[in-house]
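> Chain residues, written in single-letter form:
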Amino acid sequence: MKLAWREVLLAFRRSPALALLSVTTIAFSLFAFGLFGLVAINIQTALRAIEDRVEIRAFLVDNAKEAQVNELLAAVQRLPQVADVGYVSPDSALQRARAELDEFRDVMEGALLPGSVELRLKPGARDPETMRQITGRLETYPVVEEVRYGREWVEKLYRVRTVAGVAGLGLGLVFAVVAVIIIGATIRMAILARTKEIEVMRLVGATNAYVRLPYLIDGTLKGIAGGGIALTMAWIANRAVARSFMQTDFFTTEQMVLGVLAGAVIGLLGSWLSVGRHLRRVWQDS
Amino acid sequence: MAGVLRLTGVTKEYPRSGAALRDVSFELNKGEFIFLAGHSGAGKSTLLKLISMTERPTHGEVRVSGYSSKSVKSREIPKLRRRLGIVFQDFRLLPDRTAEANVAFALEVTGARASSIGPKVSRLLTQVGLASKATAFPHELSGGEQQRVAIARALVNDPFVLLADEPTGNLDEKATHAIYLLLREINASGTAVVMATHDVSLIERTGMRFLELDRGNLVYDGSDVARLKADLRGGGRR
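For the record, the sequence lines run as chains A and B. If you read the first sequence in the numbering used here, its first letter stands for residue 1, the second for the next number, and so on. If you read the second sequence in the numbering used here, its first letter stands for residue 287, the second for the next number, and so on.
I should point out that these hints are in silico values taken from the structure, not numbers from a laboratory. Please note that the accuracy of each hint is not assured.
Each pair of labels, with its calculated beta carbon distance range [claimed, not checked]:
1) B:T421 to A:L279: 23 to 33 angstroms
2) A:V257 to B:T421: 39 to 49 angstroms
3) B:G304 to A:R277: 18 to 28 angstroms
4) A:N208 to B:R399: 18 to 28 angstroms
Bear in mind that the values here come from a model prediction, so they are computed numbers and not experimental data. Here a beta-carbon is modelled for each residue, glycine too, at the ideal position from N, C-alpha and C.
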C-alpha cells in the first residue's frame, strides 16, 4: 500500500501536466453535468411552486346553511388527497374582491358574492385525473353550486412537468454517459503513458492486484479532485445567476457529496477498465 | 535428471497470422544452457512467450517448474513468473529510475521485505559488474550496461531459468561477448539459460546445444554448428 502511494506520487511528479489535464477534463465534464442538474432542479422547484398555488374552489349556493357548509368541510377534510381546506364566506369574498380589484370598488357596492370552499391538494395528488375526481365528488353535494379549478391550465402545467421530467432524465443520462466516456479516455491516456511500467511489473511477477492498485488510487483521487472543482465552479455559476437574475436553488449537501462520490467512482471504474486492458499485454514484440 | 522445462507437441496458432509454432517438443534440463536459433519470425519469441505463459499453446502442453499450461490458473502465473528471469533485446528498463531503483522495483512489486531489498540490489549490481553505476539513469548507460541492469533485475527472485530474447540484438560485438560471458557465469551458478539469437557466430564459437526454428517448425535440436551455418547463412530458406 505504501509502495502504491509512492507510485502515485511518482507518476504525478513525472508528468504533472498530464495529471492536471486529467483532473481538468474530469472537472469540466462533471461541471457540465452539474450545471444541467442545477437547471433541472430549479425547473422542478419552479414547477412545484406553481403547483402549490393550484387550488379547487367550490362555489356554494346562495342560501347555504351553516350546518351544510360544516358537513361539506368535514367531508372534504377526510379525503386523503386534500392538504388543507378553508371556507370563504360571502362577506369575506366581497372584501377580498374589493381589495384585489380596487378599480371596481363602486360596482361592487352592495353586490352579493357567493360563499365558497377552497381546498388545496397534497403534492403528488395534483394531477388532472385526481382533480377531476375530487371535483366530481364535490359536485354531488347539493350545497355546491359550481366547482372550478382552472382545468386547462392544470392540464398544461402537468404536461410541462412530465416533459421536463422525461427530458431532464434523458439529457441527464446523455450528459452522464458523455462525462464517463471523456473521463475514461483521459484516464486511458494517462495509463497509456505508463504501459511500459505495467509491462515490466507483470514481467517480474507482480500480481494483477498489485499492478492495479496505484492506478486505482490515482483515478479515484483525480475523480475526487475533479468532482470538487466541478462543484466549486457550479457554485460560482449558481451565485452569479442568483445575484443577477433570480433566486436559484443549489444542490443539497447530500447531492454535493453524491456528486463528488460520482467523480470518485467514475475515476475508479475508468482506471479499472483501462488497466485491465493492459494487464493482458505483457510481452510486446520489440 | 528431470527436465525443469518441457514442451510436448506444442502448436501455437494466432487467429490472424496463422501458426507461429508447429508441433514443437523439447526438454530443458536443470542448469542447462541452450540457444534458440532462427530468422526473425521463425517463432523464437513465441516460444519464450509460451514458456513464460504469456501465451497458451493452441495444442500440446508446456510444463514449467511444476506448472502445466493445461491447468495453470491466471492468478498462479505471477508466481510462476517469479521463478523465471526474462531479458529482452530492448532492455525494458524504466527510464525515470536509476539502475538500482529499476532492480529494486522488481523486488518491491513481488512483496520482498524492505530491509532485504537494499543489500540484494547491490549484490546483484556487483554480480553484473555495475556496482559503480548504481545511481545512473538508463539514458546515462551504454547499451551493454543497460542490458546488465536488465539481467540483474531478471535475477532478483533467483530464477531457475533465465529467458533471454535476443539480448545482444542491439549490442556491438564486444558488448555481445561480454553479455554472453555474464550469462555463462549466471549459468555456472546453477541457473538454466534459454537464449534466443540469430547471431550464428556466437553459437558457433560456443559449440553448445541449440534449437533451430524455421517458420514455426523445430528443424534441429543438437550442437552441430555446420548444419546451422548451412541453414541460416545459405539463404533461400526464408
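> Determine for every hint whether it applies to the structure shown.
Hints, one by one, checked against the model:
Distance hint check: the CB atoms of T421 of chain B and L279 of chain A are about 31 angstroms apart, consistent with the given range 23 to 33 angstroms. As the Cβ distance of V257 of chain A to T421 of chain B is approximately 46 angstroms, the hint placing it in 39 to 49 angstroms holds. A hinted range of 18 to 28 angstroms for the beta carbons of G304 of chain B and R277 of chain A is consistent with their spacing of about 25 angstroms. Range check, N208 of chain A to R399 of chain B: Cβ separation about 22 angstroms, and the 18 to 28 angstroms hint holds.
Taken one by one, the earlier hints all hold for this structure without exception.
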